[in-house]
Amino acid sequence: DAKTTQPPSMDCAEGRAANLPCNHSTISGNEYVYWYRQIHSQGPQYIIHGLKNNETNEMASLIITEDRKSSTLILPHATLRDTAVYYCIVRGINSGNTPLVFGKGTRLSVIA
Amino acid sequence: NAGVTQTPKFRILKIGQSMTLQCTQDMNHNYMYWYRQDPGMGLKLIYYSVGAGITDKGEVPNGYNVSRSTTEDFPLRLELAAPSQTSVYFCASKRGGGGEAFFGQGTRLTVV
Numbered sequence: 014d015a016k017t018t019q020p021p022s023m024d025c026a027e028g029r030a031a032n033l034p035c036n037h038s039t040i041s042g043n044e045y046v047y048w049y050r051q052i053h054s055q056g057p058q059y060i061i062h063g064l065k066n067n068e069t070n071e072m073a074s075l076i077i078t079e080d081r082k083s084s085t086l087i088l089p090h091a092t093l094r095d096t097a098v099y100y101c102i103v104r105g106i107n108s109g110n111t112p113l114v115f116g117k118g119t120r121l122s123v124i125a
Numbered sequence: 047n048a049g050v051t052q053t054p055k056f057r058i059l060k061i062g063q064s065m066t067l068q069c070t071q072d073m074n075h076n077y078m079y080w081y082r083q084d085p086g087m088g089l090k091l092i093y094y095s096v097g098a099g100i101t102d103k104g105e106v107p108n109g110y111n112v113s114r115s116t117t118e119d120f121p122l123r124l125e126l127a128a129p130s131q132t133s134v135y136f137c138a139s140k141r142g143g144g145g146e147a148f149f150g151q152g153t154r155l156t157v158v
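Residue numbers (my numbering), protein chains in the order written: chain F, 14 to 125; chain Z, 47 to 158.
Derived by calculation from the structure, the hints in this document are not laboratory data. Hints may be right or wrong, so weigh each one.
Here are the computed lysine-lysine pairs in the BS3-like style, where the Cα-Cα straight-line distance is at most 25 Å [unchecked claim]: (1) F/117 <-> Z/60; (2) Z/103 <-> F/117; (3) Z/55 <-> Z/103.
The structure presented is a predicted model; accordingly, all values stated were derived computationally and were not measured.
Start from the sequences, fold in the hints, and give me the full structure.
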């Protein structure tokens, strides 16, 4: 699975959009981009994933660049409860037995 | 639907004691994982299983053992507890190679 690079920390004002970037320049054609988050002391929570088209669900939107070398997770109206560590993970369709590997992620602080 | 359930939530062990961390899932997932997370650090994979009767080592398996006799259960055994095993332990499950992983709420273990 391709490696990812994320900023270690970001701040966002409550009610504003939080845009979390992720670089995955070595991504290959059959690899998905996954996002998870971990709120303090809790188990990680799945947010969204995509291959090449932009994706949206009730939690967030995922924008993947046309060359697929980077992506952005967007929380449209951040709340204090969105304060968490956000992990970007690249994983192949045929990863099969390969387990999820978590990097250091981005610590998002939503400020009132 | 309970998802992934871990017991106990908290435990204090003395050096040299043994214990089993329990993990069970009711989603009929084939893949199950054990991670540990030290304070302020990311998740590290201890062991994983791709189905009943099949287990494999992750990044930090030393000092731990696992078994997978049923699809539902994936217990993690500590034989001789050491202070370095003080951590939060998370169990996770996944249906197949792709898709989202579901995490338990963690077991906070302190070895004194």
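Hints, verified against the model:
no., hint, result
1, F/117 <-> Z/60, "violated (30 Å)"
2, Z/103 <-> F/117, "holds (21 Å)"
3, Z/55 <-> Z/103, "holds (24 Å)"
In this structure, only the earlier hint numbered 1 is contradicted, and the remaining ones agree with it.
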